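Student: The residues making up each chain are set out below.
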Amino acid sequence: MAELVPGSRFPDLDLPDHTGRARRLSELAGGDPFALFTSRGWWCPKEQRYLHELCRVQDEFEVAYARIVVVSVDSPEVQSALRAGLGARFTFLSDVERRWIGPLGLCEGTDALHYPYRPAAFTLFPNLSIHRAYNGYWYWGRARMEELRRDMREISEKIRPDWEVPPA
Amino acid sequence: MSEALPFAYVRFDGRQLLRHATGPGRRLRIDGRCIGGEPVAGAFAHVCALPDAAAALRFDEPEVQQARRDALAWWIPMLGDALVCLSTFALDASRCAGAMTVTRAPAPWGDDPFARLFPGTVARPDFLCPVAPPAGPVIERYAGAPWPGGHFG
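Listed in order, the protein sequences are those of chains D and F.
Read left to right, the first sequence gives residues 2 to 169 (the working numbering).
Read left to right, the second sequence gives residues 7 to 159 (the working numbering).
FYI, nobody ran anything at the bench for these hints, they're computed from the structure.
Please read these numbers as outputs of a predicted model, since none were measured by experiment.
Nothing false has been slipped in among the hints.
Facing chain D, a subset of chain F residues (Cβ under 7 Å, in silico):
#: 1; residue: Arg75
#: 2; residue: Leu78
#: 3; residue: Ala79
#: 4; residue: Pro83
#: 5; residue: Gly86
#: 6; residue: Ala141
#: 7; residue: Gly142
#: 8; residue: Pro143
#: 9; residue: Val144
#: 10; residue: Ile145
#: 11; residue: Glu146
#: 12; residue: His157
Label-pair distances were calculated between CB atoms; the ranges are:
#: 13; chain 1: F; residue 1: Arg110; chain 2: D; residue 2: Pro167; range: 43 to 49 Å
#: 14; chain 1: F; residue 1: His157; chain 2: D; residue 2: Glu61; range: 16 to 22 Å
#: 15; chain 1: F; residue 1: Gly86; chain 2: D; residue 2: Lys159; range: 35 to 41 Å
Think of the CB as a built atom: it goes at the ideal place given N, C-alpha and C, for glycine as much as any other residue.
Required output: the full structure, derived from the provided sequences and hints.
Tutor: What follows is the structure, given as structure tokens:
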């Protein structure tokens, strides 16, 4: 089981996205810092509420060279519909076969109906190193938008060689 | 494709998209990955651009940003597996001359969000190859590199 703690490397997930295309996490990072969220699924009102929050902050991610990725056990078709309904422009990854839920140790075992992912968030360097991890089993444990902004700032400061403005 | 040059040149004469840096037609930059692999035979390219050298918008204009948002939100998902590649056309570090959407079959071109910027022409290029569609939500662009191409470092 992967140890998902700051400083360790997040596994390079290989899963279909919301359109059904095969994707790898490292490919989605594309050299930028990113925030990865595991989500129960479309049916959970807490997930719907939280994804609305992510849609609000996506406007900043889209101009700040940073990414958002959401993983759930929903099928690509369901994710695509949810994404459209939310107005999300970020990528959803579908683990409908639950291939990664065990190796990641993120199964929410208390839900014996859906066997979904436990809500969690990881802010990651482009090489998938974990900067911070958040346990969202309780809603108040989730990464708040201000915490995401702080983490993206801290990672960007470390990876952007021109963070300090170069001399003209 | 050179890593140091994250774009390739094509030319557009109003009807056809040509894989030449010089010659007839208007020279446009595309994401270099679009010519970096095995070409898709019989592809269709919806070229939203004009051959007129003055037809350009700044990438930072709201309408250009919104076209990229719409591409991420629904245009690319709607095309599904038919999509071969997509690239904006860059002229230089700040100006956009439109975009091309390349597919394996005819698509509902009237819905192309980039057709709001410049009128579309369906061309049949034989040199464009599959590129994984961009992962949102990044619409910001690296200066000089057509979206979604380019990266730091």
